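If you're matching them up, the sequences are chains G and P in order.
First residue of the first sequence: 1, per our numbering; consecutive thereafter.
First residue of the second sequence: 782, per our numbering; consecutive thereafter.
It should be emphasised that the hints constitute simulated quantities derived from the structure, not laboratory data.
A few of these clues could be false.
Stated by the list, open to error - Listed next, with one range per pair, are the computed distances between beta-carbon atoms:
| id | chain 1 | residue 1 | chain 2 | residue 2 | range |
| --- | --- | --- | --- | --- | --- |
| 1 | P | Leu851 | G | Ala74 | 24 to 34 Å |
| 2 | P | Leu915 | G | Leu391 | 55 to 65 Å |
| 3 | P | Pro837 | G | Glu231 | 30 to 40 Å |
| 4 | G | Glu158 | P | Gly910 | 36 to 46 Å |
| 5 | G | Glu158 | P | Gln925 | 47 to 57 Å |
| 6 | G | Asp519 | P | Met786 | 46 to 56 Å |
| 7 | P | Gln817 | G | Asp519 | 47 to 57 Å |
Treat the numbers as computed from the prediction; the structure is a model and nothing was measured.
Backbone N, C-alpha and C fix where the C-beta goes; we use that ideal spot for every residue, glycine too.
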Amino acid sequence: MREFGIGQSLPRTEDLRLVRGTGRYTDDIAPAGSARMYVLRSQHAFARIGGIAIDAALEVPGVLAILTGADATADGLGGFTSMVRRTGPDGQPNFEPPFAVIARDVTRYVGEPVAVIVAETLNAAKDAAELIEVDYEAQPCVADLALADAPGAPLVWEQCPGNLCVLTEVGDKSATDDAFARAAHVAQVDFRISRVAVSTMEPRTAVAEWSEADQRFTLHASIQNPHMSREQLAGVLGLPSHRIRAVALDVGGGFGLKGVPHPELALVMWAARRVGRPVRWTSERSEGFLADCHARDQIVHAELALDEEARFLGLRVRVKANFGAYLSLAGVHCALGNIGGLSGVYVLPAIHGEIRGLFTHTVPIGPYRGAGRPEASMMIERVIDVAARDLGMDPAELRRRNLIPADRMPYDTGFVFTYDSGDFPASQAKVQEISDWNGFERRRAGAWARGRLRGIGMAHVIEIAAGQLDEMGAIEVDTSGAIAVTTGMQNHGQGHETMYRQLIAEFMHVPPDKVSVRDCDTDQIPYGFGTGGSRSAVVAGFLLETLASKVIAKGKQVAAIMLEVEPDQIDYREGAVFAARDSNRSATLAEVARFAHQPMHLPPGFEGGLSHRQMTRLAGPTFPNGCHVCEVEIDPETGHLDFVGYWVSEDVGKAINPMIVKGQVHGGVVQGLGQALGEYIHYDEEGQLATGSFMDYQMPRALDMPAIGIVSSDTPSRNNPLGIKGCGEGGTVGALPAAMNAIADALGPLGITNFDMPATPQRLWRAIRDAGGMPHAMAAE
Amino acid sequence: MAFKMDGESVLPAGRETVWANLNDPETLKACIPGCQELEQKENGGFSAVVKVKIGPVSATFKGSVDLTDLDPPSGYRIVGQGEGGAAGFARGGATVGLIEQEDGTLLRYDVDAVIGGRLAQLGGRLVNGVAKKLADEFFAKFAQLIEERHGTASV
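Start from the sequences, fold in the hints, and give me the full structure.
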């Protein structure tokens, strides 16, 4: 292994500034003369707006402007569009209401922007907001997904009877029906995947400046995909996208949320142009609960057909997915884009799914770590555990019997995905070993003796990564031999800067401190898909390797001129040295770079400089996978749940930085366990948000989390030369089903077959009490 | 967010006296915690401006209530709503009944309301406690005023 190169656990280079309080966050940017924006939000889930009285508010000292839906209409402000389209119930393309940036005559969720106040100070803006009188005419609403398609439910959009936006089938219905017809056993399960708030540590924030001279916006924002945000904002503001420069500096967590353009980005730009001053906005935490796109929220029925030997014949799912009141950029994608994960890591001959996407009077649904992957994994992995319980089998053995053998890679699932690589039996064996799976019944008996319920759950993970194959990047070597890397893949905490430095160290043989990573800025590079979908390591590996090889090839041409030999006589060697073969003549990368920047030394027509920019396209997506085991203990007297153990066997292909991979797995697992344990967004019947602060929305704490044991079971991808597969989301994808399987296993002996997340003490205690409590005989055993 | 509360209070005066005070804007203004303005409307209802603090939400609510099911001096029903601007809103009603008894008049109330906006989001979990406390303050003051004005002799 090369020093600092691929495979080294290099400490994260960005942490020096991030942990010492010298990070550069958007809220730190205060351009001279900037004003503050405050957003007045709807307090009704569904209401007609009769009028908005702003005269008294305009009198507040320091108020510069108050903008409402009427102004937005006058200025032709549009809404954000949906990235993914499917079909509606009539088989035509689904109805697509743009994600409005400010309410016009109707508000459709609590928290929807109703007026924008721009003032010299935030307090002045808030004082003015208090004086705005909105004439609401409240209407009956529907906020609960379970009730969205009930007869007579209020309609979010008249165009969508039954609030049904998308009705899509996936897979082969007749083959699946046949499989069920000849099944020896059918297992089934119903569950709800709760609605959660993404809760990034850094809230959403933006600063916009309008240059009248250049007729151009500069937007600094806490976003994870400046290029896509720019395109969407251009559409909303009715501008060509080159009139917007979008920049993301340090971003304190994105998780998919900040890949969704939200109304305030457009509002802060609109306000800046209206008042002719830079305008800043930062979400408060309570605003975030209302107005950040929420995630998950699905109701699932899953059935698994098995033959006499417990081999899987078919899987059938029916899913209701909440979209919220509008379609966010990836709202439809979450329910449908990653449904391919249903096939799991198993030989599963027939799959059929019916997915209904429904509108409700709630903030739109957006992606959150996994974006449909944890949901799909829950469907297959939960029903497998139910089947094992039905058949009296060890769930690990039932899985093992149905795994895709390693020698069948690449494997066409016959459903959506073709897996590039993986050795699932080896992965499962490893995690069974480190979790002492076979010793569990002894631990369960020990727990019973102490009056505790103990359960164990397993879940295999397989997820599509790097599904978006294209990316653009640039490498520029300056006259000192330092290398600048530019891509459109924004770092928002994952360690991209370290990873890019390591990749350059690997390919160009320079130490990491000679590499700088440019901020993600649409003026630096014309295209970028952004960070998301566990893609950056896979895409960057191939991209930077390609760019480095081009720069080295150019360097060889320059070195050949310097050393007066033919380019094919030059080798690029350790220590970043260009050396003429069979001679002692050589030049360092810095010397070659300096020479390349002096055109007078170069032959006529020879292009100076030492840099390269291009787009690359991967051969195909990758499928990082793994096997998770979760062990829980529940106190039946209090309903308190302890995660007593968690183990992961991960296959990320080739790890660029194993420490960062482990960190990604840890973070992902914690976000999954957090949802299983307590995170839960609840709207009441009036569509009011009842869990709108951390007083009521239970975030996991360090003490709630177990130590997480991780073992590598890497098999390289065949779809890129480095074999990298990605690691951003797998932790969450596995943690939801592993945790819920463990909880079901703990509660199973009491006869509790359906228990939905979150596993709060109150809900567990009630379920245990309703089931008659812990049998004394069992406890005494 | 649905909100329900009921309770009772024994007031040291006869039913007619209590009834009269319950319909007197000056008495109500003096007794409602945080009341800044209160006026009787032509239809007998009231409009009011009340400043309240519920947990992290503090706001000035402008409200209007109407009196229905008037059954003097046995009781009435109050129906209305209050707007707290950016802080949220409340709407609903309360049934108030007066029962003559030996030591004065028993006032029973039964509140059934809906709250929304920031109040529901941040103050929701605190509303019950605060509402009970405000009700207790109201009746303590109301009883005190009646006693000052009418003494116990009017029982």
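Outcome of the hint check:
1. Leu851(P) x Ala74(G): 24 to 34 Å: violated, 49 Å
2. Leu915(P) x Leu391(G): 55 to 65 Å: Given a distance of about 60 Å, which is inside 55 to 65 Å, the answer is holds.
3. Pro837(P) x Glu231(G): 30 to 40 Å: holds, 38 Å
4. Glu158(G) x Gly910(P): 36 to 46 Å: Check passed, 42 Å falls within 36 to 46 Å.
5. Glu158(G) x Gln925(P): 47 to 57 Å: Holds - the Cβ-Cβ distance for Glu158(G) and Gln925(P), about 56 Å, lies within 47 to 57 Å.
6. Asp519(G) x Met786(P): 46 to 56 Å: holds, 55 Å
7. Gln817(P) x Asp519(G): 47 to 57 Å: holds, 52 Å
The structure fails to meet hint 1 from the earlier list, while all remaining hints are met.
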